[in-house]
Amino acid sequence: MEKEVILKVEGLKKYFTIDKSSKLFKPSKAILKAVDDVTFDVYKGETLGLVGESGCGKTTLGRTIIRIYHPTEGKIIFEGQDIAFLKPKELKKYRKDMHMIFQDPYASLDPRMTVREIIEEAMVNDTSLAKDDRERRVLELLEMVGLNSDHASRFPHEFSGGQRQRVGIARSLAANPKFIVCDEPISALDVSIQAQVVNLLKDLQRKLGLTYLFIAHDLSMVQYISDRVGVMYLGKMVELADTKELYANPLHPYTQALMSAIPIPDPDHEREKRRIVIEGEVPSPIDPPKGCAFCTRCPKATKRCFEEVPPYKEIVKGRFIACHLYER
Amino acid sequence: MSKLLTVNELCTSFFTKFGEVKAVDHVSFELDKGEVLAIVGESGSGKSVTSMSIMGLVAKGGKIISGEIIFEDEDLAKKSEKELSKIRGKEIAMIFQDPMTCLNPVFTIGNQMEEVLKIHQKQLSKKERHAKMVEMLEKVGLANPLERLKQYPHELSGGMRQRIMIAMSLLCNPKLLIADEPTTALDVTIQAQIVDLMRDLKDEFNTAIILITHDLGVVAGIADKVAVMYAGEIVEEAKVDDLYYHPLHPYTWGLLKALPRLDMKENELRPIPGSTPDLLLERKGCPFFDRCEYAMECCKEHRPDKFVKENGHSVKCWRYHEDFKEVE
Chain E
11 MEKEVILKVE
21 GLKKYFTIDK
31 SSKLFKPSKA
41 ILKAVDDVTF
51 DVYKGETLGL
61 VGESGCGKTT
71 LGRTIIRIYH
81 PTEGKIIFEG
91 QDIAFLKPKE
101 LKKYRKDMHM
111 IFQDPYASLD
121 PRMTVREIIE
131 EAMVNDTSLA
141 KDDRERRVLE
151 LLEMVGLNSD
161 HASRFPHEFS
171 GGQRQRVGIA
181 RSLAANPKFI
191 VCDEPISALD
201 VSIQAQVVNL
211 LKDLQRKLGL
221 TYLFIAHDLS
231 MVQYISDRVG
241 VMYLGKMVEL
251 ADTKELYANP
261 LHPYTQALMS
271 AIPIPDPDHE
281 REKRRIVIEG
291 EVPSPIDPPK
301 GCAFCTRCPK
311 ATKRCFEEVP
321 PYKEIVKGRF
331 IACHLYER
Chain F
4 MSKLLTVNEL
14 CTSFFTKFGE
24 VKAVDHVSFE
34 LDKGEVLAIV
44 GESGSGKSVT
54 SMSIMGLVAK
64 GGKIISGEII
74 FEDEDLAKKS
84 EKELSKIRGK
94 EIAMIFQDPM
104 TCLNPVFTIG
114 NQMEEVLKIH
124 QKQLSKKERH
134 AKMVEMLEKV
144 GLANPLERLK
154 QYPHELSGGM
164 RQRIMIAMSL
174 LCNPKLLIAD
184 EPTTALDVTI
194 QAQIVDLMRD
204 LKDEFNTAII
214 LITHDLGVVA
224 GIADKVAVMY
234 AGEIVEEAKV
244 DDLYYHPLHP
254 YTWGLLKALP
264 RLDMKENELR
274 PIPGSTPDLL
284 LERKGCPFFD
294 RCEYAMECCK
304 EHRPDKFVKE
314 NGHSVKCWRY
324 HEDFKEVE
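If you read the sequences in order, they're chains E and F.
The opening residue of the first sequence carries number 11 in our numbering; numbering runs sequentially from there.
The opening residue of the second sequence carries number 4 in our numbering; numbering runs sequentially from there.
Hints are computed from structural coordinates only; laboratory data are not their basis.
Just so you know, even glycine gets a beta-carbon here, dropped at the ideal spot from N, CA and C.
Any given hint could turn out to be false.
Unchecked claim - Which bits of chain F does chain E cover? Going by a derived footprint, with three or more residues having C-beta under 8 Å, they are:
id	stretch
1	160–168
2	210–221
3	251–262
4	275–289
Unchecked claim - Straight-line C-alpha distance at most 25 Å; calculated BS3-like pairs for lysine-lysine:
id	chain 1	residue 1	chain 2	residue 2
5	E	K300	E	K283
6	E	K283	E	K313
7	F	K85	E	K254
8	E	K283	F	K205
9	F	K260	E	K212
10	E	K283	F	K153
11	E	K283	F	K242
12	E	K283	F	K260
13	E	K18	E	K327
14	F	K153	E	K30
15	E	K141	E	K99
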């Protein structure tokens, strides 16, 4: 059975221009390629995990997809309609279908609004519900995310980090969206609370048939929640595969190194493990390497990697990779 | 053999306008030369305040109420600020979570490193100081040490800054290094590099390390002993293998079950319900009582004693009282 594609991203680029003027009267501009030619599909009802180190462009990609940022080039096809360059008015129709859960539950809730107002605000624009219905829906949503009706009249500062993130989730669900971008929703939370929030997200997905794009740097959490996982490096997607296959058999040298760098809570395992140490740090996205983005740190790099950009293609069904090692 | 550091019944409180917060509540532990003790716990569990108390750096409004901190047969808790400042940076050094805020942005790396030597090693000449700084920077794996000395903190990446902090803390060959979440702000591949570095340095200099973290994966790879803190108390302490393979306290069980793991397929995440208690409220019983699925009547009213097994594994939980029997 062919799975239904809800979102298709094709050759998406997001460049930022940066003022690099070193002298007052000698302006110069540099281009930062935050997302550089990224292509992938998201199937309906699945969770697509997106991992990578800080600065790899995963957050920018998420924000560009739901059009918080204007894309530089490419297509974002949501349910058959390309929304990449729609004008704000035309876009409004699609706003209610896509929502976002933010990383920092402290910064993403207005401290002067009550929880009721925060959640209701999301409905005012995107739904045609009357005041009474909205209020009823707020209580319904609070219950859905494991809070209760007493919480509605409180302010964000009265909640703990985990509870705030629940409020953030309730807000994102307010207009019955189909697709939610979760941008590091758990990384600001404590370990024991992380599991609560992730399990809540899984439950909601099952109940409401949601599709998630789950952005995180915690590879073990991504494995737990995702059906498929994409690995990003320096603005590019380097590997994308089924979660099980990716974790059992990572192909790209970067994915391999990333996997082996994750500490595992098991002392024997940690003592015996041979780590693939990658030297150095991520190069600057303003001045990326000429060939493959990873060539400066890759233990398997050849001459070709420094000269030619490896194409991103499907090598086996459902397994995408951008690496010269796997070209036939 | 005498211990390098013995902390005995340490209590540190903060006095706020709402009342007294017992951030560290009767904490005791010991540390040998060259040993690594990891203190793990969630935010607000008192792990950082414990380390700040040892350093004599408790923030304004806080005070060591009672207890001893015996470092090489001298009680640090009784020392004056002047005496402490001779020990700080020389005998006991510290590295912090965020290397950006710990380095002074208006001085070069060279200036800042030299300051440590000027204060603690007055006998060195300018040349000797320079040679020592270069040597240290090489030891922590930084390329071009001469150039680094002339740079300002903003010119370096997060991983490099953390290496500088480590180099700086090791300049005077400290006997004890306190590392407060040294890798939390870093990416996994950089984190792996820093953990490897700390392990090498421990072997080379025989420095004892107190590692404060919430990441049980990092702990497994480096620690000899682990202390688990909850609401200001050490609820369990053991050798690293005992703690991971035979945890005793229900909170430790919960923590280990709440972690998604790369090495296990299809594990179900079991979150710990609820959140950490408010330290402002006076409590009688076990601090974990509200969240513990094994809680008994006596846990509510009576604070658990510390029970120590033959192998030194200690735990604060009534389940290990000699009269405790499991009821079917």
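The hints, checked one at a time:
no.	hint	result
1	160–168	holds (count 3)
2	210–221	holds (count 5)
3	251–262	holds (count 5)
4	275–289	holds (count 4)
5	E:K300 with E:K283	33 Å, violated
6	E:K283 with E:K313	30 Å, violated
7	F:K85 with E:K254	59 Å, violated
8	E:K283 with F:K205	19 Å, holds
9	F:K260 with E:K212	17 Å, holds
10	E:K283 with F:K153	38 Å, violated
11	E:K283 with F:K242	20 Å, holds
12	E:K283 with F:K260	22 Å, holds
13	E:K18 with E:K327	17 Å, holds
14	F:K153 with E:K30	22 Å, holds
15	E:K141 with E:K99	24 Å, holds
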